[in-house]
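> Just so you know, the sequences run in chain order A and B.
Under the UniProt record's numbering, the residue at position 196 of the first sequence is numbered 196, and the numbers go up by one with no gaps.
Under the UniProt record's numbering, the residue at position 112 of the second sequence is numbered 112, and the numbers go up by one with no gaps.
Just so you know, the hints here were simulated from the structure itself, not pulled from any lab data.
It is possible that some hints are incorrect.
Only pairs whose alpha carbons sit at most 30 angstroms apart, straight line, appear in this in silico DSBU-like list of lysine-lysine [unchecked claim]: (1) Lys132(A) - Lys168(A); (2) Lys239(A) - Lys84(B); (3) Lys319(A) - Lys307(A); (4) Lys335(A) - Lys365(A); (5) Lys84(B) - Lys307(A); (6) Lys84(B) - Lys168(A); (7) Lys132(A) - Lys266(A); (8) Lys307(A) - Lys335(A); (9) Lys415(A) - Lys168(A).
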Amino acid sequence: MIALPAPKPEILARREEIVAALRTIVPGDGVIGEPTRLKPYETDGLAAYRQVPLAVVLPTTTGQVAAVLRYCHETGVRVVPRGAGTSLSGGALPLADAVVVGLMRMNRILEIDLDDRFAVVEAGVTNIGITKAVEGDGFFYAPDPSSQLACMIGGNVMMNSGGAHCLKYGVTANNLLGVKFVTIEGEIIDIGGAHLDAAGYDWLGLITGSEGQLGMVTEVTVRILRGPEGARAMLAAFKGTEIAGAAVDAIIGSGIIPVALEFMDKPCIHACEAFAHAGYPLDAEAMLIIEVEGSVAEQDDLLNRIKAICERFDPISLKVAESAEQSLAIWKGRKGAFGAVGRISPDYLCMDGTIPTSELPFVLKRIGEMSTQYGLGVANVFHAGDGNLHPLIMFDANDPESFRKAEAFGGDILKLCVEVGGCLTGEHGVGVEKRDLMTVQFTARELDQQRAIKTAFDPQWLLNPSKVFPLEGAPVPLAAE
Amino acid sequence: MSDLIAPADEDGLAAAIAAAHAAREPVAIEGNGSKRGLLRPVQAARTVSTRNLSGITLYRPAELVLSARAGTPIPQIEAALAEKGQHLIAEPPDTRAIFGSDRPATLGGIVAANLSGPRRITWGAMRDHVLGIRFVNGTGEVLRSGGRVLKNVTGLDLCKLLAGSYGTLGVMTEITLKVLPAPEATATLLVAVPDAAAGVRALSAGLGSPFGVSGAALVPGEPLLAALRIEDFAPSVTYRIGRLRETLAGFGALTTIEGEASRALWRDVRDATPLAAQPGEAIWRLSVRPSAGPAVVAAAGALGGRALLDWGGGLAWVAAPATAAAHAALVAAAEASCGACTLFRAPEDLRQSVAVLPQEPAPLAAIGRRVKAALDPAGILNPGRMRAGA
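Please take these sequences and the hints and turn them into a complete structure.
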């Protein structure tokens, strides 16, 4: 288990006073202080960790967020920002002496401009909500994390979320124009806007993916894009992971950048097929789902090119969707992968490392060996174009030893990702989950440099504490201004 | 020109910065110095250059990544990519003509200035493709951020913070980029339009179409031309240009240029050649919402200057007389649409006397000073490059 800091008794003792003060800022039912009603906020998508917070506040305006943060800053209260609570890395895990500031009530779409191709939305608008608001005009918001029905754009900004289609369209950071940023001192700052490149330091780039360490975001200006004429998928199954990896290299090497290029290993194929009956080949060691975009004729042209490439690698099966319905059928298993693994194992941990794609066969072999060694099953899904690997480690949460082993197994996989030239997290964030592995990827000085930048925004370290940075290694004192 | 120190390797560069830090002596930071005329002049007795930190250190075409030392000239990187049928996604401008430099930009310089060309409208800015950096901070420590993989959210993203920081927060020594396959074919649809407002509407219609326009500029001349580029496999280029012609038929007379003629046009747009800036004129770069582009064109005209619109109208290059009044007028034009105005090139007295970058609100400026102090506590890196006294 990952250690969390002991709550400050002097803050716990002030609970009633803090709740009362928050109620003067956010009226009505926007402040939750009763322990029984705090329960729903005790965890996020990393459900193995739970902690009921001191209080929850649900502001409806940027002004309220600023006033809450100013109050917490002035009185030394820790703050945990929260969107929909879908973080898989424990990014929204509360602390006993922290106030959770939830943005789910800030869910208005403020402006849509199709001519200038942007939308301004509040942080609590769901990811899919943005696309829903513009799809009638043929537009969409590109990043599509698998939690997109629930996750909120404010959380996407804080975690720099990705998705299955970011090989072509990029991650959240590549699709933002501006944010309304609130500092822990309660200052409201507009960063960026409806234009592409703000001059000066790239604050937008630094804030994106900062996991709530630097401040909170209450409004977001996103780029919206006109969607393609259509999209279609194909499936290609191979006798070995190395062969599938070589096919991926050959596709990219031919100059084609598919809009999605997903890889599943044998355990994952089996789990998904049992769940979705998508017609996946059960004798394959590895399977690719490849999606292309354009008019029907363009889709045919690209799929034919890809098919010809795959044929050089002795495929077990090649299935090109003839229609949008067949495309959906091919995707059905992949999209249900997490649920499918959930059916064959009581619990699973979803890992999220990135590796150089050429290392895939070696990494899968090592993960297989570790699986035997730990005695825990694992299924791998992989965004093959960009090297983002999601091993799903199966365990039993009712057995503490099983959970301990699963965490150790996950840690070993992420260390392996770093060893082969990759990183600890491709899109889920460090959160609390990977915090103590940061020393595997960064030197002490590199972490100190990042800590010093955090201190420049949050001098008392009140924002989302005990996440991202290992607890040992005190905040770097700030040089005098 | 101050004394030039050009260390042979990263350790030497780190030692030079550490010595400057210990002595509290400001240093100018540059690669080839090709953009010395950009923003404000730095007052420093010594210049530290990355120009001898040169060479591509890793190139994996199938993984879409390339790493090179910061002093590697951009043309060398472009040539290596072209050999494998790939290219720099953001299409950074070649500013040699603008600044009268005979040395090409380095990778470090282009990233430190976050300069992007026409493809930025669809495929992202230079900073969007920086996957990892090695850099020396203001105390002489060698640090890393990011890595060599396409997807990475581990820790604070210092790559983006340093991209566009003009050497004031750290000296990048090695940069890893995402690269992409160069298109098999390219063609450009030219629409003769009566004025900038009609031109931006045509560009907007093209960018709002499903045909993947990868360049959208207004090329000055008689007539004014709205240019829309398609880059793709050959059959797709033919198909998409055809569909774009249908989409834009109502906007004016249409012509199509292909292959090298199309590529030459976009090189010119990239480098602001059609702006035809005269030697004595100043040059500004304004980033605004696209529909505000025509207002910037009007503002430039009122100053006796000219504008070139790229990025669908959202990027305005302006050439006009190098006066403080012209600068103030263009800053106001940018602010009218909440955009940003950068004084890109000007005689030294002008760029020393005005704010060359937009002013930041006080709370953000205060954070900026603290971030600067966190990376460069003695304030020795490129003092005054971006803002007076900072």
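> Does each hint hold? Answer for all of them.
Status of each hint after checking the structure:
1. A hinted pair counts as satisfied when its Cα atoms are at most 30 angstroms apart, and lysine 132(A) with lysine 168(A) qualifies at roughly 21 angstroms.
2. Between lysine 239(A) and lysine 84(B), the direct Cα distance comes to roughly 29 angstroms. Compliance with the 30 angstroms bound is thereby established for this hinted pair.
3. A C-alpha spacing of about 9 angstroms is found between lysine 319(A) and lysine 307(A), which places the hinted pair at or below 30 angstroms, so the restraint holds.
4. Between lysine 335(A) and lysine 365(A) the alpha-carbon distance is near 24 angstroms, which keeps this suggested pair within the 30 angstroms criterion.
5. A hinted pair counts as satisfied when its Cα atoms are at most 30 angstroms apart, and lysine 84(B) with lysine 307(A) qualifies at roughly 22 angstroms.
6. Taking the CA atoms of lysine 84(B) and lysine 168(A), the gap is about 20 angstroms. The hint holds against a cut of 30 angstroms.
7. Distance hint between lysine 132(A) and lysine 266(A) is unfulfilled; the C-alpha atoms sit about 35 angstroms from each other, more than 30 angstroms.
8. Taking the CA atoms of lysine 307(A) and lysine 335(A), the gap is about 23 angstroms. The hint holds against a cut of 30 angstroms.
9. For the hint pairing lysine 415(A) with lysine 168(A), the CA-to-CA distance comes to about 28 angstroms; that is within 30 angstroms, so the pair holds.
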